[in-house]
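Trainee: Build the full structure now, drawing on both the sequences and the hints.
There are 2 protein chains.
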Amino acid sequence: MGQSVQFPDNSKPASSNVRGALYPRVTPDFRAVFQVKAPDAQKVQIKLGTTWDMVKDDKGMWSLTTDPLVPGFHYYFLIIDGVQVSDPASESFFGWQRMSSGIEIPETGVDFYTLKNVPHGDVRSKWYYSKVTESWRRCYVYCPPDYNNNLKKKYPVLYLQHGSGEDERSWSVQGKVDIIMDNLLAEGKALPMLIVMDQGYASKPEAVVSTSPSNPGANRQQGGPSTFEEVVIKDLIPFIDGNFRTFTNRENRAMAGLSMGGGQTFQITTRNLDKFAYIGLFSGGTIAPAELTDKSKVKLVFMSYGSREAGSANVKAAADALQQAGIKNATYISPLTAHEWQSWRRSLREYAQLLFKK
Amino acid sequence: MGQSVQFPDNSKPASSNVRGALYPRVTPDFRAVFQVKAPDAQKVQIKLGTTWDMVKDDKGMWSLTTDPLVPGFHYYFLIIDGVQVSDPASESFFGWQRMSSGIEIPETGVDFYTLKNVPHGDVRSKWYYSKVTESWRRCYVYCPPDYNNNLKKKYPVLYLQHGSGEDERSWSVQGKVDIIMDNLLAEGKALPMLIVMDQGYASKPEAVVSTSPSNPGANRQQGGPSTFEEVVIKDLIPFIDGNFRTFTNRENRAMAGLSMGGGQTFQITTRNLDKFAYIGLFSGGTIAPAELTDKSKVKLVFMSYGSREAGSANVKAAADALQQAGIKNATYISPLTAHEWQSWRRSLREYAQLLFKK
Numbered sequence: 259m260g261q262s263v264q265f266p267d268n269s270k271p272a273s274s275n276v277r278g279a280l281y282p283r284v285t286p287d288f289r290a291v292f293q294v295k296a297p298d299a300q301k302v303q304i305k306l307g308t309t310w311d312m313v314k315d316d317k318g319m320w321s322l323t324t325d326p327l328v329p330g331f332h333y334y335f336l337i338i339d340g341v342q343v344s345d346p347a348s349e350s351f352f353g354w355q356r357m358s359s360g361i362e363i364p365e366t367g368v369d370f371y372t373l374k375n376v377p378h379g380d381v382r383s384k385w386y387y388s389k390v391t392e393s394w395r396r397c398y399v400y401c402p403p404d405y406n407n408n409l410k411k412k413y414p415v416l417y418l419q420h421g422s423g424e425d426e427r428s429w430s431v432q433g434k435v436d437i438i439m440d441n442l443l444a445e446g447k448a449l450p451m452l453i454v455m456d457q458g459y460a461s462k463p464e465a466v467v468s469t470s471p472s473n474p475g476a477n478r479q480q481g482g483p484s485t486f487e488e489v490v491i492k493d494l495i496p497f498i499d500g501n502f503r504t505f506t507n508r509e510n511r512a513m514a515g516l517s518m519g520g521g522q523t524f525q526i527t528t529r530n531l532d533k534f535a536y537i538g539l540f541s542g543g544t545i546a547p548a549e550l551t552d553k554s555k556v557k558l559v560f561m562s563y564g565s566r567e568a569g570s571a572n573v574k575a576a577a578d579a580l581q582q583a584g585i586k587n588a589t590y591i592s593p594l595t596a597h598e599w600q601s602w603r604r605s606l607r608e609y610a611q612l613l614f615k616k
Numbered sequence: 259m260g261q262s263v264q265f266p267d268n269s270k271p272a273s274s275n276v277r278g279a280l281y282p283r284v285t286p287d288f289r290a291v292f293q294v295k296a297p298d299a300q301k302v303q304i305k306l307g308t309t310w311d312m313v314k315d316d317k318g319m320w321s322l323t324t325d326p327l328v329p330g331f332h333y334y335f336l337i338i339d340g341v342q343v344s345d346p347a348s349e350s351f352f353g354w355q356r357m358s359s360g361i362e363i364p365e366t367g368v369d370f371y372t373l374k375n376v377p378h379g380d381v382r383s384k385w386y387y388s389k390v391t392e393s394w395r396r397c398y399v400y401c402p403p404d405y406n407n408n409l410k411k412k413y414p415v416l417y418l419q420h421g422s423g424e425d426e427r428s429w430s431v432q433g434k435v436d437i438i439m440d441n442l443l444a445e446g447k448a449l450p451m452l453i454v455m456d457q458g459y460a461s462k463p464e465a466v467v468s469t470s471p472s473n474p475g476a477n478r479q480q481g482g483p484s485t486f487e488e489v490v491i492k493d494l495i496p497f498i499d500g501n502f503r504t505f506t507n508r509e510n511r512a513m514a515g516l517s518m519g520g521g522q523t524f525q526i527t528t529r530n531l532d533k534f535a536y537i538g539l540f541s542g543g544t545i546a547p548a549e550l551t552d553k554s555k556v557k558l559v560f561m562s563y564g565s566r567e568a569g570s571a572n573v574k575a576a577a578d579a580l581q582q583a584g585i586k587n588a589t590y591i592s593p594l595t596a597h598e599w600q601s602w603r604r605s606l607r608e609y610a611q612l613l614f615k616k
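Here the protein sequences come in this chain order: H and U. By the count of our numbering, the first sequence reaches residue 616 at its end, each step adding exactly one. By the count of our numbering, the second sequence reaches residue 616 at its end, each step adding exactly one.
It should be emphasised that the hints constitute simulated quantities derived from the structure, not laboratory data. Since the structure is predicted, the reported quantities are computational estimates derived from the model, not experimental observations. Keep in mind that a hint or two might mislead.
The list cannot tell twin chains apart, which means a pair is met if one copy fits it or any two copies do.
To be verified - Straight line, CA to CA, 30 angstroms or less: simulated DSBU-like cross-link-like pairs of lysine-lysine:
1. Lys317 / Lys412
2. Lys492 / Lys553
3. Lys462 / Lys314
4. Lys301 / Lys492
5. Lys295 / Lys305
6. Lys389 / Lys447
7. Lys411 / Lys305
8. Lys305 / Lys317
9. Lys374 / Lys389
10. Lys295 / Lys317
11. Lys447 / Lys492
12. Lys270 / Lys389
13. Lys586 / Lys295
14. Lys295 / Lys314
15. Lys270 / Lys462
16. Lys492 / Lys389
17. Lys305 / Lys557
Mentor: Written as structure tokens, this is what we have:
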């Protein structure tokens, strides 16, 4: 692929491509353009929302231009003669319980997740030992820009969870959590906080290891805590409070999660109101007043959905019920998005602005 | 794939698999066992060193058991009807200028890169602005376990570079830099240091962006500095010294790199002996006394190779020549490994023990 290649559609390489890859490309009207060299394949497809058949030319090059796509991050796969694989031309992202390809479609007129000339925090990978699972686990921690400059300052903490089939990397990679927070902080729209992103899967050593992405922790279980809840309460929070400069009272601790992570947030916060004051469910259901055993402890319930998700229809009634019960709440419906990362990036932007403000 | 599946070869899922994936597997004699469901494919292969043909059964499952493999990390690819892709069942790693699959083959009798119950540092992703490239760049910084506890302590810094087609993630993911350092520190074998891992590719805004993995910075250029050298000297070192608690004198600054990164280390350190006192080349050539303009400034030249690399034959003569010229040096030949990550993990283990000791 030389310098002389012309792209008459004015397309540009997707920002999610690996260094130097000319495909996939994005057109000015937000179509994705794929090209795969596969002279010996009988059928090549792209799975991106729906499954698109690519068309082969006489040199064995398969091509596809999609319809215009919704802005934001989309998982996709290459399907070669029926085998679903990731595309080596794009970055891989842990989603769908495997290394998936992703493509970034720009959104016109917004820059809240654009890397800008503002002070930058960092994202740290931390190993911690879980007594609950009897294993080492890894979490990621976003530290705001001033964390290293002001060594006596303490910070509130948001625990932020990924969705089913994703992991502790997802919020910082797909979600661009550090860029969103750095930008909000630079604009004075949010307060500095730590954001802890853990893996929402946990098994006790005696248990059969679940290989299914539908972890029981996602359900609104009756009865005892999920193993993940035990990890958060017994291992993760003490580790974070012991190794970072945090405020350790409940008024300075929030949780949120997307999809399965929203279910886990519901379960963990409502069962542990002595530890959390802020609850955020992103595409993760709603909360009824009766589900909050001690309303006085809840500083905020935040519920969001993409407007194209069925669940979005339930948000207003749920908010009204909380309002009538005297429980402070906020809602957000992400315009024209579905169950996808653009809904959750926007939800984080909204939720983060409401946290820890007295 | 249920609990009842039997594996008569006593194989276990590779540690490099994604969560829950039963394949690829590793046998007790270190063969890799692959299985891919592809009923409609005509030919499925694994590229792992050489290219292996898989064999199809009557249910469309393709299988392969390799010969015994060298311990350590190996890149591999799935080839489906001639298209080289990464395997969604394994983690992906940036190598070969794309997201590649990798498989980890255990090494009997060593645990220097095993996650253990020792104090753990962290790896931080940091954004910094390069005036040279006029762009934001990302580096990773390993901070030793006591970095956050002893807030007045300053640290020496090792700048550690990846090879061709890799990036700033490679040393912490493929190289397990944090685990190797945490273990060495726990044993008292190395001194605490920061390790900065940057992307060894850089282009000035006016330049044609190179899409080739063979960056000019890899060559031992005559003439001016490479763009990457300019980034390191003008942007990266000032950023690190401005944002971390570092010793900023040359006696507390080292550089090393593998393969292309060794070439870059040679170029940058020998051209900037006012800034570096320790030079490490891992599978990255040798240094002759005449190439060091001021021998008195060099605290150590370290040269290593895998024993199966042609370059390993040159190491002893190069070391002898340095010795005769009165230049302190150390060498390491990694037993039975080639141009691969196990050589470089071991080289880091050796090199790190020699750094910053007066």
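Trainee: If the cutoff is 30 angstroms on CA atoms, where do Lys586 and Lys295 land: within, between, both or neither? Let me know, please.
Mentor: neither (55 angstroms within a copy, 52 angstroms between copies)
Trainee: At 30 angstroms max between alpha carbons, let me know whether Lys411 reaches Lys305 within a copy, between copies, both or neither.
Mentor: The answer is neither: 48 angstroms in one copy and 52 angstroms across copies each exceed 30 angstroms.
Trainee: When no copy is specified for Lys462 and Lys314, does a C-alpha distance of 30 angstroms or less occur within a copy, between copies, both, or neither?
Mentor: neither (50 angstroms within a copy, 37 angstroms between copies)
Trainee: For Lys301 and Lys492, with the copy left unspecified, which applies at a CA distance of at most 30 angstroms: within, between, both, or neither?
Mentor: Answer is neither: 51 angstroms inside a copy and 50 angstroms across each miss the 30 angstroms cutoff.
Trainee: Measure nothing new, just compare the shortest in-copy and cross-copy C-alpha distances for Lys295 and Lys305 to 30 angstroms and report within, between, both or neither.
Mentor: both (17 angstroms within a copy, 18 angstroms between copies)
Trainee: Tell me, please, which holds for Lys305 and Lys317 at an alpha-carbon limit of 30 angstroms: within, between, both or neither?
Mentor: For Lys305 and Lys317, the Cα distance is within 30 angstroms both inside one copy (23 angstroms) and across copies (24 angstroms).
Trainee: Please sort Lys270 with Lys389 into within, between, both or neither, judging by C-alpha distance up to 30 angstroms.
Mentor: between (49 angstroms within a copy, 25 angstroms between copies)
Trainee: Checking Lys305 and Lys557: alpha-carbon separation at most 30 angstroms within a copy, between copies, both or neither?
Mentor: neither (42 angstroms within a copy, 55 angstroms between copies)
Trainee: Can you tell me if Lys295 and Lys317 fall within 30 angstroms by alpha carbon in one copy, between copies, both or neither?
Mentor: The answer is both: 8 angstroms in one copy and 28 angstroms across copies each meet 30 angstroms.
Trainee: When no copy is named, should Lys295 and Lys314 be tagged within, between, both, or neither for a Cα gap of at most 30 angstroms?
Mentor: both (9 angstroms within a copy, 24 angstroms between copies)
Trainee: At most 30 angstroms between C-alpha atoms: does Lys389 with Lys447 qualify within a copy, between copies, both, or neither?
Mentor: This pair counts as between: shortest inter-copy Cα distance 29 angstroms, intra-copy 38 angstroms.
Trainee: At most 30 angstroms between C-alpha atoms: does Lys492 with Lys389 qualify within a copy, between copies, both, or neither?
Mentor: within (8 angstroms within a copy, 46 angstroms between copies)
Hint violations for this structure: numbers 1, 3, 4, 7, 11, 13 and 17, all remaining hints satisfied.
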